[in-house]
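Line by line, the protein sequences are chains L and P.
Basically our numbering = 1-based index in the first sequence + 10.
Basically our numbering = 1-based index in the second sequence + 367.
Simulated from the structure, these hints should not be mistaken for laboratory data.
One should not assume that every hint holds.
Calculated lysine to aspartate or glutamate pairs in the EDC-like style (CA-CA distance at most 20 Å, straight line) [as the list claims (entries may be wrong)]:
(1) LYS62/L with ASP81/L
(2) LYS32/L with ASP81/L
(3) LYS440/P with ASP463/P
(4) LYS422/P with GLU92/L
(5) LYS23/L with ASP40/L
(6) LYS67/L with ASP463/P
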Amino acid sequence: AAGVIQSPRHLIKEKRETATLKCYPIPRHDTVYWYQQGPGQDPQFLISFYEKMQSDKGSIPDRFSAQQFSDYHSELNMSSLELGDSALYFCASSPASGGARETQYFGPGTRLLVL
Amino acid sequence: AQTVTQSQPEMSVQEAETVTLSCTYDTSENNYYLFWYKQPPSRQMILVIRQEAYKQQNATENRFSVNFQKAAKSFSLKISDSQLGDTAMYFCARNDYKLSFGAGTTVTVRA
């Protein structure tokens, strides 16, 4: 079965640089979520999109922005990177049917290291 | 504030034995979903089991089962016949349009 695809899998950036993370949801899933997991921590919700519209927002820094495109893939744009942005970034997707409480399926994550 | 609480940072179990992980949560909703996710050393987040709050029957997936106590807001995970591949961090999560995770329990299965 197809899973959530994230690219790149690993990314190394310098401070103050920008980064773009991409997420391709499972086919026929129209809701995408982004989470950030720091070392030794649980994943923290950043932002979500349903039908290309932002549906919820969590602890996402103003330096970050995201969007969902017509083919339902999503991109997380991160600017003015800081050392503290080093983390594992997960994308998850779910079908909208059954309500927003459907199960979320996670991609493999993008490991971002800011030097 | 943490709305999902896992009070056991680490658990160790002998291969083939049973281990139970505890989880409590806060919610004012009557209908919601609860999940257990497994995160092995690869750090992939893998869905283990889910429970719908309006269903009284406890969910079961092969060697994994839950004890869902709605009134007590408790959602424990039992791993039976533990295998070395079960070694991972286990996160309890509640879904309210986004997932809120507990701090996780590291499970180590000893040979």
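Do the hints match the structure? See the list:
{"no.": "1", "hint": "LYS62/L with ASP81/L", "in the structure": "holds (9 Å)"}
{"no.": "2", "hint": "LYS32/L with ASP81/L", "in the structure": "holds (13 Å)"}
{"no.": "3", "hint": "LYS440/P with ASP463/P", "in the structure": "holds (15 Å)"}
{"no.": "4", "hint": "LYS422/P with GLU92/L", "in the structure": "violated (45 Å)"}
{"no.": "5", "hint": "LYS23/L with ASP40/L", "in the structure": "violated (30 Å)"}
{"no.": "6", "hint": "LYS67/L with ASP463/P", "in the structure": "holds (13 Å)"}
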